[in-house]
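So the chains spell out like this:
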Amino acid sequence: MSEIIIQVNNVNKTYRGSYTPALRNFSIEVREGEIFGLLGPNGAGKSTLLNILSGLLTFDTGNISICGRNMPQQLNEIKPLIGVVPQEIALYPTLTAVENLKIFGGIYGIISKELKQRMDNLLNYFGLEQSKNRQIKTYSGGMKRRINLIAGLLHQPKVLFLDEPTVSVDVQSKTLILDNLKEINAQGTTIIYTSHFMEEAEMLCSRVAFMDEGKLLCKDTPQNLIQNTNCPNLESLYLKLTGKTLRD
Amino acid sequence: MKKLISLLYKDYLLLIRDVAGLCLMFLMPIALVFLMTFLQNDIIGKVNEAEISVIMLNLDNDILGNSIEKHISESESFVLTKSKNSENELRIAVARGNYMIGIVVPENASDSIRLNAKRAVQKGFKGEKYESKDSVTIHILIDPTLKTSFRNTLMSTMKEYSAKTERDFLLQELLAALNQSFPFMLGTIQLDGNQVNFDVQYALKDENAAVPNATQHNVPAWTLFAIFFISLSLSVGLINERKDGSFKRLLALPCTYFQYLLSKSILFLFVCLLQFALLFALGIYLFPHLGLPKLLLGDNAWLLLPMCICSSLAAIGFGIFIGKITTDHQQAAVLAALSVVIFAAIGGIWIPVFTMPEIMKIISKISPLNWGLNGFYNILIRNGTLMDILPECAYSLGFAVVCMGIALGYNRRRKI
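Heads up: the protein sequence lines correspond to chains C and Z, in order.
All the letters of the first sequence, read from the start, carry residue numbers 48 to 295 under my numbering.
All the letters of the second sequence, read from the start, carry residue numbers 450 to 865 under my numbering.
In isolation and in its complexed conformation, chain C is listed as follows (with noise of 0.2 Å):
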């Protein structure tokens, strides 16, 4: 069995002027070379999690460690160990996807020669090199969420934080988008990813959690909680565990 990359234990998080917790004493352990999902409606928690595990935000209490360093106090060297793809093109509209990735690969520290044969590699891979001279925000969004992805592997991560990659893309994008996810990690690259689209999930992750008001609900193989449930795929056992009241 392989090693545990990411360890969450008993994390809490309430935000500041917020009465109710985003995390409550949540546990999660993540193997090296999974693909992890983290389900659950809006507001459940997923986004407060994977930023907590990006460093954008602190918790209140419990310990993480990722790669064998505990945050917060190994973040510095966490950093260069993961790769984040936030929900939001996270780009510079107004510069092309060369001069971007030049710029995240340059706070990376890549030097000049290895960056461009990355950037080229990735930039074909994705199917974005014609384009590459553009500014971003004349891309369709199926090619923004390409360029996206592209920015959060350029330093070869470790660990891939993937926010709804898919969300607002058509389907020739999102199924190129998942056959390269499903290379990548066939490369090493372990990928917890959050999601609003069962079917995707159930296609592509190896372990799913679903997670609700910032409490894990459960936890293990598509196939063994549909099996264990006795429902008929993953969006039936969403909504058994989660409900039909609206979440807005």
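Keep in mind the hints are simulated off the structure, nothing from the lab.
You may find that some hints are simply not true.
Cβ-to-Cβ under 7 Å is the rule here; a few derived chain Z residues that face chain C [said to hold, decoys possible]:
#1 450
#2 451
#3 452
#4 455
#5 459
#6 466
#7 597
#8 697
#9 703
#10 704
Per label pair, the in silico range of CB-to-CB distance [claimed, not checked]:
#11 790(Z) x 80(C): 52 to 62 Å
#12 57(C) x 776(Z): 54 to 64 Å
#13 739(Z) x 182(C): 34 to 44 Å
#14 168(C) x 739(Z): 50 to 60 Å
#15 488(Z) x 141(C): 33 to 43 Å
#16 174(C) x 739(Z): 49 to 59 Å
#17 54(C) x 719(Z): 20 to 30 Å
#18 783(Z) x 90(C): 31 to 41 Å
#19 182(C) x 783(Z): 20 to 30 Å
#20 805(Z) x 90(C): 30 to 40 Å
Backbone N, C-alpha and C define an ideal beta-carbon position, used for all residues, glycine too.
Since chain C is already given, all that's left is putting chain Z on it; use the hints.
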């Protein structure tokens, strides 16, 4: 270092792609410095040059009338037109605004004064007191829009020469009376009127210092305004990065918030120095070709650099502070623009502080633009030394540190 270079490259690209922001940073201050210098130079010119039009009807045609006519026409403050019309027509011409001032010296005015002088001497020689009769009235018609200071200037001139005429007549009559009593003829008794001279000059610390003029005020003033106006671009840029998520990505990268701010500070400091160099170069090289006074830098021109750096850092700190405490573009743009305009107004950019009421003079001391302007004045006009600008530099740097400290503290509380 590579991180900082990458961040600088990013900020540079963002800056040059923001055409509207660049126009605001460079074209607006150029337009303002030209406009304000031309306007103020013209106003100052009107005060100093012969711009006040005077029409005069000299019905006296004798010593009093001719003396006033001569001295007004020789004065640099007035342009004199001699009238041959009636007093009523002259009144209409002034009322229509064709002339700012109309003067009517009545017929036989000199004769009346001469007669009074003669009577006064005769009475005096008899040891009696003379009660003046037949006084002369000179009618002065003034355009209602004429400033009080110009009216006072004219009245001073008129009173001076009418009093001189009275004295001259009195002396003449006195001499004539003495000649009748003395066995020999007395010569003319007169001083040339130049026994007391006036030396007017600006109170400058040393004689090489520049004389204050529209250029010496407006170039540093609008340079400071431009420097502080970068807080608008800077704060909106910070909001943009927060809104489009790129700031979130940067924080997830091996890059600290301090490095992020340092890159912005370095780039915008360069922008401020560029604005400073551009506007000062205009004042030195272009203004003289346009008929405006040349900007003189004084003996300690090198002090302009530390003063400019300190003011720029204050502006950068302020921009970062606004960008951190506001949540959207509109808030940031309105707050930055409004506060810079208010700081400029109370800081003496538009109206010099010395013309303000006492309470405003006190309030002006809280404006970072006022510290900068005082520092520039110390260098450009008072030929000040490093010690003279140290307080202004310290205030500006203190302001920058407080603003950036608040932004850093705020970021620790709320990262994204």
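Going through the hints against the structure:
1. Proximity of residue 450(Z) to chain C is violated relative to the hint, the smallest CB-CB distance being about 10 Å (cut-off 7 Å).
2. Annotation: residue 451(Z) was flagged as interfacial toward chain C, and the flag holds, the nearest CB pair being 5 Å apart, inside 7 Å.
3. At about 5 Å, the closest approach between the beta carbon of residue 452(Z) and any beta carbon in chain C falls short of 7 Å, and the interface hint on this residue holds.
4. Evaluation of the residue 455(Z) hint against chain C yields a held restraint, the C-beta minimum of about 3 Å falling below 7 Å.
5. Interface hint status for residue 459(Z): upheld, as the beta-carbon distance to the closest one in chain C is roughly 4 Å, under 7 Å.
6. The restraint placing residue 466(Z) at the interface with chain C holds, with a minimum CB-CB distance near 4 Å, inside the 7 Å limit.
7. Given the 7 Å rule on beta carbons, the hint for residue 597(Z) is violated: about 57 Å separates it from the nearest Cβ of chain C.
8. With 7 Å as the threshold, the beta carbon of residue 697(Z) comes within range of chain C, its nearest partner Cβ sitting at about 5 Å, so the hint holds.
9. For residue 703(Z), the interface hint holds, since its Cβ comes within 7 Å of a Cβ in chain C; the closest pair sits about 4 Å apart.
10. Interface restraint check: residue 704(Z) against chain C, minimum CB-CB distance 5 Å, threshold 7 Å, status holds.
11. Separation of residue 790(Z) from residue 80(C) is about 59 Å and conforms to the stated range, judged on CB atoms against 52 to 62 Å.
12. Residue 57(C) and residue 776(Z) have their C-beta atoms about 33 Å apart, which leaves the hinted 54 to 64 Å range violated.
13. The hint said 34 to 44 Å for the Cβ distance between residue 739(Z) and residue 182(C), and at roughly 40 Å that hint holds.
14. Here the CB-CB span from residue 168(C) to residue 739(Z) is close to 58 Å, well matched to the stated 50 to 60 Å.
15. As the Cβ distance of residue 488(Z) to residue 141(C) is approximately 37 Å, the hint placing it in 33 to 43 Å holds.
16. For residue 174(C) paired with residue 739(Z), a C-beta distance near 58 Å keeps the hint of 49 to 59 Å intact.
17. At roughly 46 Å, the beta-carbon separation of residue 54(C) and residue 719(Z) lies outside the given 20 to 30 Å, and the hint is violated.
18. Distance hint check for residue 783(Z) and residue 90(C): the Cβ-Cβ separation is about 32 Å, which falls inside the suggested range of 31 to 41 Å.
19. Range check, residue 182(C) to residue 783(Z): Cβ separation about 28 Å, and the 20 to 30 Å hint holds.
20. Checked against the hint of 30 to 40 Å, the C-beta distance between residue 805(Z) and residue 90(C) comes to roughly 55 Å, which is inconsistent with it.
Comparing the model with each numbered hint stated earlier shows that hints 1, 7, 12, 17, 20 do not hold.
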